[in-house]
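Novice: Sequence:
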Amino acid sequence: MKTKSGEKEKLRERIIDQSIKVIKKKGILGASVDTIMEALGLTSGALYSHFSGKDELLALSIEKQIDSLTQYVGSLIASDKKDGFKNWVRYYLSEDHVKDVTNGCIFAALLSEVSRAPQRIKTEFHAGLDKFYLALENGLPDDNKDKRRKVHSIFSTMIGSLSIARTMKSGTERSDFLNNNLSSVLRML
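Our numbering runs 44 ahead of the 1-based position in the sequence shown.
Honestly, I wouldn't trust all of these hints.
Pairs of lysine to aspartate or glutamate, DMTMM-like flavour, derived with a Cα cap of 20 Å [claimed, not checked]:
| # | residue 1 | residue 2 |
| --- | --- | --- |
| 1 | Lys69 | Glu139 |
| 2 | Lys98 | Glu157 |
| 3 | Lys125 | Asp186 |
| 4 | Lys191 | Glu181 |
| 5 | Lys70 | Glu107 |
| 6 | Lys108 | Asp187 |
| 7 | Lys108 | Asp186 |
| 8 | Lys130 | Glu57 |
| 9 | Lys213 | Asp127 |
| 10 | Lys69 | Asp140 |
| 11 | Lys98 | Glu139 |
| 12 | Lys54 | Glu107 |
| 13 | Lys126 | Glu57 |
| 14 | Lys69 | Glu51 |
| 15 | Lys191 | Asp140 |
| 16 | Lys70 | Glu157 |
| 17 | Lys130 | Asp140 |
| 18 | Lys125 | Asp187 |
| 19 | Lys52 | Glu100 |
| 20 | Lys108 | Glu139 |
| 21 | Lys70 | Glu53 |
| 22 | Lys143 | Asp220 |
| 23 | Lys108 | Glu57 |
| 24 | Lys70 | Glu51 |
| 25 | Lys191 | Glu107 |
| 26 | Lys65 | Glu181 |
Label pairs and their calculated CB-CB ranges [to be verified]:
| # | residue 1 | residue 2 | range |
| --- | --- | --- | --- |
| 27 | Leu55 | Thr167 | 22 to 28 Å |
| 28 | Asn147 | Leu55 | 26 to 32 Å |
| 29 | Ser156 | Ser227 | 23 to 29 Å |
| 30 | Gly97 | Lys213 | 38 to 44 Å |
| 31 | Thr167 | Ser112 | 15 to 21 Å |
These are computed hints drawn from the structure, not numbers from a lab.
Since we're looking at a predicted model, the values are computed, not measured.
Just so you know, even glycine gets a beta-carbon here, dropped at the ideal spot from N, CA and C.
Make the full structure from the sequences, and use the hints.
Specialist: Laid out in structure tokens, this is it:
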């Protein structure tokens, strides 16, 4: 069945968007072509009329998600130089973010798997992480002499805290854990 180029591009974007949800929920290794395509009501063979294979799809999906997150955080920081970064940190280390893996941080969702991923995915992930660091650096005071090192410390603490919180049962212990780590990160800013 032939489709118009505009329809083909829309379907390609839908496939990318669906794969983002699947890889956040099931990871890179658990994101099968069948799972992604079935959620869209398509056969796995349809993937190959849009992408060269799973690696290309996942690399493009990761790139799109990282770009989206980078733009979002960058705009928060640009709109409120004083508190934009802090406000994002408050969301990042919140119960809402802990519970929302599918719509949550791509870095936290995939970090442990990237080392075992194909090189194309590793390359895309790290290039995106570098762009993301630049956006975060804009949220630090201008007089900070080593912004990259500070961003590494801050974001590593955030990702670790979020990942650990996601392994904990909801309740006072997890809430206290998030609040303690939030306080620590905010002091770093």
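Novice: Decide if the proposed pair is consistent with the structure: Lys130 and Glu57, CA atoms, cutoff 20 Å inclusive.
Specialist: 32 Å, violated
Novice: Need the status of pair Lys125, Asp187: alpha-carbon distance at most 20 Å?
Specialist: 14 Å, holds
Novice: CB of Thr167 to CB of Ser112, is that within 15 to 21 Å?
Specialist: 19 Å, holds
Novice: When you check the alpha-carbon spacing of Lys108 and Asp186, does it fall within 20 Å?
Specialist: Answer violated: Lys108 to Asp186 is near 29 Å, above 20 Å.
Novice: Starting from Lys69, check that the Cα of Glu51 is at most 20 Å away, please.
Specialist: Measuring from Cα to Cα gives roughly 27 Å; hence the hint is violated.
Novice: Does Asp187 sit within 20 Å of Lys108, going by the straight-line distance between their CA atoms?
Specialist: 32 Å, violated
Novice: Given the proposed pairing of Lys98 with Glu139, does the C-alpha separation stay at or below 20 Å?
Specialist: Judged against 20 Å, a Cα distance of about 33 Å means the pair is violated.
Novice: If you draw a straight line from the CA of Lys191 to the CA of Asp140, is it 20 Å or shorter?
Specialist: Measuring from Cα to Cα gives roughly 28 Å; hence the hint is violated.
Novice: Between Lys52 and Glu100, does the CA-CA distance stay at or below 20 Å?
Specialist: Within the cut-off at roughly 17 Å; holds.
Novice: Is the Cα-Cα distance between Lys213 and Asp127 20 Å or less?
Specialist: 30 Å, violated
Novice: Is Lys191 within 20 Å of Glu107, Cα to Cα?
Specialist: With a Cα-Cα distance of about 24 Å, the restraint between Lys191 and Glu107 is violated, given a limit of 20 Å.
Novice: Between the alpha carbons of Lys65 and Glu181, is the straight-line distance 20 Å or under?
Specialist: 28 Å, violated
Going down the numbered hints, you'll see the structure goes against 6, 7, 8, 9, 11, 13, 14, 15, 20, 21, 24, 25, 26, 28, while the others check out.
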